[in-house]
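**Q** Residue strings, one per chain:
There are 2 protein chains.
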Amino acid sequence: MLPGKASVVEAADRIAPYIHRTPVLTCSTINRMFGGEIFFKCENFQKAGAFKSRGATNAVFQLSDTEIQRGVATHSSGNHAGALALAASRRGIKANIVMPENSSRIKILAVESYGGLITRCKPTLAAREETLKEVISKTGAVEIHPYNDLRIIAGQATAAKEMIEEVNDLDLIMAPVGGGGLLSGTALSARYFGKHIRVIAAEPAGADDAFRSFTSGTFIPSVDPRTIADGLRTSLGSLTFPIIMENVDDIVTVSEEGIIEAMRLIWERMKIIVEPSSAVPLAAIIENKLNISGKRTGIILSGGNVDLENLPFKTTV
Amino acid sequence: MLPGKASVVEAADRIAPYIHRTPVLTCSTINRMFGGEIFFKCENFQKAGAFKSRGATNAVFQLSDTEIQRGVATHSSGNHAGALALAASRRGIKANIVMPENSSRIKILAVESYGGLITRCKPTLAAREETLKEVISKTGAVEIHPYNDLRIIAGQATAAKEMIEEVNDLDLIMAPVGGGGLLSGTALSARYFGKHIRVIAAEPAGADDAFRSFTSGTFIPSVDPRTIADGLRTSLGSLTFPIIMENVDDIVTVSEEGIIEAMRLIWERMKIIVEPSSAVPLAAIIENKLNISGKRTGIILSGGNVDLENLPFKTTV
Numbered sequence: 001m002l003p004g005k006a007s008v009v010e011a012a013d014r015i016a017p018y019i020h021r022t023p024v025l026t027c028s029t030i031n032r033m034f035g036g037e038i039f040f041k042c043e044n045f046q047k048a049g050a051f052k053s054r055g056a057t058n059a060v061f062q063l064s065d066t067e068i069q070r071g072v073a074t075h076s077s078g079n080h081a082g083a084l085a086l087a088a089s090r091r092g093i094k095a096n097i098v099m100p101e102n103s104s105r106i107k108i109l110a111v112e113s114y115g116g117l118i119t120r121c122k123p124t125l126a127a128r129e130e131t132l133k134e135v136i137s138k139t140g141a142v143e144i145h146p147y148n149d150l151r152i153i154a155g156q157a158t159a160a161k162e163m164i165e166e167v168n169d170l171d172l173i174m175a176p177v178g179g180g181g182l183l184s185g186t187a188l189s190a191r192y193f194g195k196h197i198r199v200i201a202a203e204p205a206g207a208d209d210a211f212r213s214f215t216s217g218t219f220i221p222s223v224d225p226r227t228i229a230d231g232l233r234t235s236l237g238s239l240t241f242p243i244i245m246e247n248v249d250d251i252v253t254v255s256e257e258g259i260i261e262a263m264r265l266i267w268e269r270m271k272i273i274v275e276p277s278s279a280v281p282l283a284a285i286i287e288n289k290l291n292i293s294g295k296r297t298g299i300i301l302s303g304g305n306v307d308l309e310n311l312p313f314k315t316t317v
Numbered sequence: 001m002l003p004g005k006a007s008v009v010e011a012a013d014r015i016a017p018y019i020h021r022t023p024v025l026t027c028s029t030i031n032r033m034f035g036g037e038i039f040f041k042c043e044n045f046q047k048a049g050a051f052k053s054r055g056a057t058n059a060v061f062q063l064s065d066t067e068i069q070r071g072v073a074t075h076s077s078g079n080h081a082g083a084l085a086l087a088a089s090r091r092g093i094k095a096n097i098v099m100p101e102n103s104s105r106i107k108i109l110a111v112e113s114y115g116g117l118i119t120r121c122k123p124t125l126a127a128r129e130e131t132l133k134e135v136i137s138k139t140g141a142v143e144i145h146p147y148n149d150l151r152i153i154a155g156q157a158t159a160a161k162e163m164i165e166e167v168n169d170l171d172l173i174m175a176p177v178g179g180g181g182l183l184s185g186t187a188l189s190a191r192y193f194g195k196h197i198r199v200i201a202a203e204p205a206g207a208d209d210a211f212r213s214f215t216s217g218t219f220i221p222s223v224d225p226r227t228i229a230d231g232l233r234t235s236l237g238s239l240t241f242p243i244i245m246e247n248v249d250d251i252v253t254v255s256e257e258g259i260i261e262a263m264r265l266i267w268e269r270m271k272i273i274v275e276p277s278s279a280v281p282l283a284a285i286i287e288n289k290l291n292i293s294g295k296r297t298g299i300i301l302s303g304g305n306v307d308l309e310n311l312p313f314k315t316t317v
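Residue numbers (UniProt numbering), protein chains in the order written: chain D, 1 to 317; chain W, 1 to 317.
Hints are computed from structural coordinates only; laboratory data are not their basis. Ideal Cβ positions, reconstructed from N, Cα and C, are used throughout, including at glycine. Wrong hints could be hidden among the right ones.
[Stated by the list, open to error] Simulated DEER-style distance windows between Cβ atoms: (1) Glu130/W - Ser28/D: 31 to 39 Å; (2) Asp249/W - Val24/D: 32 to 40 Å; (3) Glu101/W - Ser28/D: 26 to 34 Å; (4) Arg120/W - Phe313/D: 24 to 32 Å; (5) Val24/D - Lys5/W: 31 to 39 Å; (6) Ile106/W - Pro17/D: 39 to 47 Å; (7) Gly4/W - Gly115/D: 52 to 60 Å.
[Claimed, not checked] Below, in silico cross-link-like pairs of lysine-lysine (DSS-like), each with a Cα-Cα straight-line distance of 25 Å or less: (8) Lys107/D - Lys314/W; (9) Lys107/W - Lys122/W; (10) Lys314/D - Lys314/W; (11) Lys295/D - Lys314/D; (12) Lys122/W - Lys314/D; (13) Lys195/D - Lys133/D; (14) Lys94/D - Lys107/D; (15) Lys107/D - Lys314/D; (16) Lys122/W - Lys133/W.
With the rest of the complex left out, here is chain D (with noise of 0.2 Å):
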């Protein structure tokens, strides 16, 4: 089961007055650093901050007035919960956001801006399940999962139609993966409207569950993982995991110190802001994961929310 290349067209129309169309930038010194040339998909200048808001605003448009008339719903401690929280806005419609108590200031006042009804709950998969479960059954919203959820992977897979839209030629094309909803729509969009890309996923080797699963086949879930990229934490779903094994041609895993790195370079060359989770794909470069020596490489940067009051650049990295 997977979106056809008819629903990913519909979502991009679908999203297209509510979203930004993310320019794609380049870096000199950073092609010569590597020997190729690398497109930059902008993601962190999406609304709300993350490619989440692609997803969300399609899952939200695409549901019925009698269907969506309660409100939307989720659990979320990161980007999926303020990018819901904007689309529900835009809608004219509740969005109740189930957080952890040790979700970021930054995530609660980004829900909090978009008008987002946020429920506190304990930090722990089983609290957020059950008090979601709670939350839907007093105001009768609808669930809107964050990766796993056709609609869903259908809106994030614009972000790699555009690029393949606008960048001619590309031979391969890098995105992060957590729970795989943004790299079950990149595939889909490389195969639907790419000739011939290479899909290639970064995970961090301190949650590595979907290298695991992808290199076994079998699905292993994302036990106590240790990242920077909060983003990258989560287990693949039971569509984005099919999905990925049909039409990903590699994952590969980076250290913590190669995200950095990356993260760091994207910042001082691009003077853009990214999180650590867009930077997994550059990181993968810089460890010679894999080689794009005179290749068109396009990478996916997924979001910019960084704490500016906690960042993780330390003197002479």
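Following the hints, put chain W in place on chain D, whose structure we already have.
**A** Just chain W now, with coordinates in the frame of chain D:
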């Protein structure tokens, strides 16, 4: 004495192969906050990370082969140093850069990475000028002053020229003021290429020599400037001061807190990296030093060179 319209047009053509035509960005949140439309000309994305590449490139490529055969020279602890080194390397000549011993690691690394030849000196204006004199007498290099030079002013003017060509009906343009090269060029381009655009400069209150010179009509040097905006600590020049007196509508001053708040707003909302000097015009809007409600305002973001290991963001500003 000032660069005529033809000089600015020639400068734009001369430097086009070597610099970026930088994007103009907007931010719906910031527009909503201030009730007007603000257009940010992103010179933080410029070659060598600042508008300084425009003037330096114009000066270096305007000199004849004979004039320039022994290279160029300047003293600078800031963005002019890197910009001149890069421009010289593009022309295939040597750049001798006198840098005070207390220059930041980042700025020294930038000059070195562009192949500049660094001579260190004590961190006083007298030592800088004396050392530069020695370097020039030894090498025969041509001095390229960071702002008090008509070729530099014409080069810096091209940033506002591009913005005026791209954004219709600007009501005002804002730029920060340090030595006045950017401000002079901006004011001239507003006059040459715009229609009734007001030009407003912003300056840190802790380095308000341009403000005091402008309001008194008498040149007042910068003595013991105290500001985080390291690009704005210098005095006006004998060429820039009269251009500013004649062509700038107003100069306003801002607090250090305002600069950091504006910088944070740009980083958090626009996801781009700007240095403190770039944030000074927006700080003036935040601090109600002028009212841009209902207006179309252009702001030149002067540069993006910051030390990521030494950022001014503290908990809950």
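**Q** Lys314/D and Lys314/W were given as a pair; does the straight-line alpha-carbon distance stay at or below 25 Å?
**A** Roughly 16 Å between the alpha carbons, so the hint for Lys314/D and Lys314/W holds.
**Q** Hint check: Lys107/W vs Lys122/W, CA-CA at most 25 Å. Holds or violated?
**A** holds (16 Å)
**Q** If I claimed the Cβ atoms of Ile106/W and Pro17/D lie 39 to 47 Å apart, would that claim hold in this structure?
**A** About 42 Å separates the Cβ atoms of Ile106/W and Pro17/D, which means 39 to 47 Å holds.
**Q** Next pair to validate is Lys122/W with Lys314/D; report whether the Cα-Cα distance is within 25 Å.
**A** With Cα atoms ~28 Å apart, Lys122/W and Lys314/D exceed 25 Å; violated.
**Q** Is the hinted range of 24 to 32 Å satisfied by the C-beta distance from Arg120/W to Phe313/D?
**A** Holds - the Cβ-Cβ distance for Arg120/W and Phe313/D, about 26 Å, lies within 24 to 32 Å.
**Q** Straight-line Cα separation of Lys122/W and Lys133/W no greater than 25 Å?
**A** Holds: Lys122/W and Lys133/W sit about 14 Å apart, inside 25 Å.
**Q** Is the gap between the beta carbons of Glu101/W and Ser28/D within 26 to 34 Å?
**A** Given about 31 Å between the Cβ atoms, the range holds.
**Q** Compare the distance between the alpha carbons of Lys295/D and Lys314/D with 25 Å, and conclude whether the hinted pair is satisfied.
**A** Status violated; Cα separation ~32 Å.
**Q** Should the hint that Asp249/W and Val24/D are 32 to 40 Å apart at their CB atoms be regarded as holding?
**A** holds (38 Å)
**Q** Just to be careful, I want the Cα atoms of Lys107/D and Lys314/W compared with a cutoff of 25 Å; is the pair within it?
**A** This hinted pair holds, its Cα atoms lying about 18 Å apart.
**Q** With a cut-off of 25 Å on the C-alpha distance, tell me whether Lys107/D and Lys314/D pass.
**A** Since the Cα atoms of Lys107/D and Lys314/D sit roughly 24 Å apart, the hinted pair holds (cutoff 25 Å).
**Q** Going straight from one Cα to the other, do Lys94/D and Lys107/D come out at no more than 25 Å?
**A** holds (18 Å)
The earlier numbered hints that this structure contradicts are 11, 12 and 13.
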